[in-house]
Structures are given as structure tokens and as C-alpha cells.
Amino acid sequence: MFSDCLLTSVEYLGIIVLDKGFSLDKLKIQAVQEWPIPTKIKEVQSFLGFANFLRRFVANFSHMARPLHNLVKKDTPWKWDTKEQEAFQGLKDAITNAPVLCHADPTKPYFLETDASGAALGSILSQRQEDGRLHPLSFLSESFKGAEQNYNTHNKELLAIICSFEYWRIFLEGTLHPITVFTDHRNLEYWKESQTFNRRHARWHLLLAGYNFQIVYRPGKQSGKPDALSQQSNHADIPPANQTMLPNLVFANVALVTPEKELQRQIKGALDQDKSLEEILQFLQNESKAPPSIKRAFKDYKMEAGLLFYQGQIVVPDVGTLRTELLCIFHDSPLARHPRRQQTLELICRNYYWPGIRADTYWHVDSCKTCQRICKPKYASIPLQPLELPSRPWQHISYDMIVDLPKDGNFNSILVIVDSFTKYGIFI
37 MFSDCLLTSV EYLGIIVLDK GFSLDKLKIQ AVQEWPIPTK IKEVQSFLGF ANFLRRFVAN
97 FSHMARPLHN LVKKDTPWKW DTKEQEAFQG LKDAITNAPV LCHADPTKPY FLETDASGAA
157 LGSILSQRQE DGRLHPLSFL SESFKGAEQN YNTHNKELLA IICSFEYWRI FLEGTLHPIT
217 VFTDHRNLEY WKESQTFNRR HARWHLLLAG YNFQIVYRPG KQSGKPDALS QQSNHADIPP
277 ANQTMLPNLV FANVALVTPE KELQRQIKGA LDQDKSLEEI LQFLQNESKA PPSIKRAFKD
337 YKMEAGLLFY QGQIVVPDVG TLRTELLCIF HDSPLARHPR RQQTLELICR NYYWPGIRAD
397 TYWHVDSCKT CQRICKPKYA SIPLQPLELP SRPWQHISYD MIVDLPKDGN FNSILVIVDS
457 FTKYGIFI
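For what it's worth, our numbering labels the leading residue of the sequence shown as 37, then goes sequentially.
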């Protein structure tokens, strides 16, 4: 019945989703291989637009594509020379030989390798797989813009780290293990221990304060650089055709069938144990002898196949953990994917009912640890209130803490106290 659900791969928006990761669709690769040499600006723009969609599979994409981007700039005369042809062919080769990008595993350490050239930055996010080697999860490549092009090597290498953390924030924020950042610029290894910062570095230091990472110096010959890493042969291979696409736990539609049927069997056997249902069950057994008032009160109840129904919904008795197990099926399971309170309630109410189902559902969702980790807390917005103007010094003070600063002895924070009248500040 569910044999059609077991696939070794799924095509989605030109990307092949495998159990080991993501790869490019063969049709996309074939289209790139057969792409003719552009003869005008529009054709270059068309190729860049197509290639840009696949840039996550190409290391140093911005650096490789720079000659073509320069060619399509406004008021630039058409000139297809050796430099443009090499960039065009280089992008085609890189896309054709694109590696399989592995799925991110939040339980494993992340490794970040960055590089910065004169005009662009490149970065690779990797994790160590079962073979003991680092395999890429994604590539990042961006051109330096505006004043960034005038940065010295130290700042460009540091900016590459900043951009990488911001781009992959969804993976790198709140990691279980420290993130290892490889760089071939030795000075960056001691950047976190610096005692003094200029304004730009202080701002970057605050941006990185929310990440758990360590910078490790690795010479260029050892690092292999982000552009060379994509050419290594140790990337994850496409799994054979008879391999299961996803672990069994992910097939929630299959996994749910047995638990829910088993739960209904338990519901059937537990009806007699709920004393609050005793009067209803007695009425249904002797419905013909019941007085009119009782018939009106219980008109929406009926028995079918050993189950008690209320307005077409199965009544769940208050026995043991039946209600909790049902809430887990419709909220905690992979199929449900932790919906919000109202969505969870709607899913359960399609087939089940019990008094207080709304309150129980809301409590279950609100106390779900997974939802608490994922969802951002919602705070009620408080309107701005004007502060009372002080009439003398030290009548009103404001204070705040500056934390996570480079250590000075045993201290890494500053208490700032400001007099609201004179604006005089004290730093402790």
C-alpha cells in the first residue's frame, strides 16, 4: 500500500534530494554542458541567472563569475575575450562536477573554512561523515562591495568569517559543539584574545559573540582552500538505487497508522473505566427506557463498533495516558511537525473529542520543549513612556551592562551608570 512512498531520491526544483544529501538534476547539468557560447549581453545575463540558482554547489562562484559580471555592467562595450571564455567554461565545469552536499546534522561539530581574495570571499561549511572525512554541506561566495574592496587582507579574511556566520546562522547559532574555523591568515587565530579593537572590529566582535567557535590557523597548502575542496574525490557518493531514501522514522504517514489504531483499541477497552461516561453508556444500553430529558441531553452520543461517538467524533476517556498519547501523535510526530496550538487542536478535533480538549491541547503545545527551542518568544509590545525630566544631578540614573568583552584579568564585563541630568557616566 505504501510502496510508492519508498523512493531513493526525489526531484524538487531542479535539486535531487537523496538520503545522503543534495545533488544537481542531470537535466540541469546537461543544459549547462550544452549551453552555447554567448554572443550578446542578454545571453550572458541569461547564463548568469541560470548559474546563480546553482551557486550553492560551486565554491568561489563570485570570483569565477566576475569577468562575466563585469561584462554585463551598464555602458560596458561587448568584448568576448580569453578571460570571459575561461570564466564561462570554468562555471560550466564547476556546475558539471558539482559535489553532493550532505544534510546538516546538529548533533555533529561544524567546520568552517574561509578564504578571501582581492575581489571576493569564499567559504565552505562541512561536517565529518562516517568515513572520517569532511564533506561539504554548502558553499558561499560573495563579491566585496563598496568600501569592502579597500579592506586590507586581515579585514577581508575576517569579513569572510562574519559573512559565513550570518549566512549559515540557522545552523551555527546555539551549536552543541564549538565550531572550528580554519583560516590561512595566522593573525586571525589570536583575534578573539585581542585587548583593543577599533570601531569596525568591536562591531564585528559583538556580531560573533552569539556563536561558539574557535579559529584555527592552517597554512594554505594544508587547507586546500574552498575552491580546491570542491574538486576532491572524497565527497559523498550518490547512494545505490536499492537504498532507502530516508530513515523509517521519517515515514510518519506509515508509522502513524499502527499507533493510532492501537490507541483506538485501547480507547474501546477503557470506556468502562471512566466514571464520567458511566451515565452515558447506561443510557445507550437502555435508550428506549430513558426519560425525554435524558434523551435530549445525550442525543449527540452513539455507540458504533465498540467506540463512543459524540457528534461523529470518538470520545477519548480520561484513563491513563490515552489523551496525552493522542496529543503526541498529532503534535510531536514527524508527520505533524509540531504545529501551533490552533492547528494541533483542529487536527485532533477532526476525529476525537473529550471535555476540555482545547485547554489540554494548548497546555501540551505550550509545554513542548521542541517548540520552545524553535519558536521565538512573543512579548507583548509596551508603548513608549516618556521619562520624567530630572531637576538635579543624580536624581535619576540609568544603568546597563556591556558583556562578553576580552578578559582583563578576571573581568570581561563593564557596568555603565549614567546620570540622566548631567549625562555624566561612570564605568565599572
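Among these hints, one or two may not hold up.
What the hints assert, rightly or not - Computed beta-carbon distance windows for the label pairs:
(1) Phe-345 <-> Pro-375: 40 to 48 Å
(2) Gly-154 <-> Pro-429: 48 to 56 Å
(3) Thr-132 <-> Asp-111: 53 to 61 Å
(4) His-105 <-> Leu-441: 35 to 43 Å
(5) Ile-433 <-> His-105: 51 to 59 Å
(6) Tyr-435 <-> Asp-111: 35 to 43 Å
(7) Arg-235 <-> Ser-403: 43 to 51 Å
(8) Leu-317 <-> Leu-212: 34 to 42 Å
(9) Glu-47 <-> Val-439: 17 to 25 Å
(10) Tyr-435 <-> Pro-375: 41 to 49 Å
Stated by the list, open to error - With a Cα cut of at most 27 Å, we get these calculated DSSO-like pairs of lysine-lysine:
(11) Lys-144 <-> Lys-78
(12) Lys-76 <-> Lys-56
(13) Lys-76 <-> Lys-119
(14) Lys-115 <-> Lys-62
(15) Lys-56 <-> Lys-78
(16) Lys-109 <-> Lys-128
Derived by calculation from the structure, the hints in this document are not laboratory data. Beta carbons are placed, not taken as given, at the ideal position from N, Cα and C, and that holds for glycine.
Okay, the hints, checked on the actual structure:
1. At about 25 Å, the beta-carbon gap between Phe-345 and Pro-375 misses the expected band of 40 to 48 Å.
2. One distance hint, 48 to 56 Å for the beta-carbon pair Gly-154 and Pro-429, holds here, with the actual separation near 54 Å.
3. The given range of 53 to 61 Å is broken by Thr-132 and Asp-111, whose C-beta atoms sit roughly 33 Å from each other.
4. Between His-105 and Leu-441 the CB atoms are about 40 Å apart, so this pair conforms to the stated range of 35 to 43 Å.
5. Separation of Ile-433 from His-105 is about 54 Å and conforms to the stated range, judged on CB atoms against 51 to 59 Å.
6. Look at Tyr-435 against Asp-111: about 56 Å separates their beta carbons, and that is not inside 35 to 43 Å.
7. Take Arg-235 and Ser-403: their Cβ atoms lie about 44 Å apart, and the range 43 to 51 Å holds.
8. Restraint check, Leu-317 to Leu-212: a C-beta distance of roughly 51 Å breaks the suggested window 34 to 42 Å.
9. Distance hint for Glu-47 and Val-439: a CB-CB separation of about 48 Å, inconsistent with the stated range 17 to 25 Å.
10. At about 42 Å, the beta-carbon gap between Tyr-435 and Pro-375 stays in the expected band of 41 to 49 Å.
11. Taken as a hint, the Lys-144 and Lys-78 pair is broken in the structure, with Cα atoms around 45 Å apart against an allowance of 27 Å.
12. Of the supplied pair hints, the one linking Lys-76 and Lys-56 is violated, its CA atoms being roughly 40 Å apart against a limit of 27 Å.
13. Simply put, Lys-76 and Lys-119 have alpha-carbon atoms about 16 Å apart, close enough for the 27 Å limit, and the pair holds.
14. Proximity of Lys-115 to Lys-62 is assessed by CA-CA distance (about 32 Å); at most 27 Å being required, the pair is judged violated.
15. Of the pairs offered as hints, the one joining Lys-56 and Lys-78 is violated, with about 37 Å between alpha carbons and a cut-off of 27 Å exceeded.
16. Proximity of Lys-109 to Lys-128 is assessed by CA-CA distance (about 21 Å); at most 27 Å being required, the pair is judged to hold.
Consistency note: the structure conflicts with the earlier hints numbered 1, 3, 6, 8, 9, 11, 12, 14 and 15.
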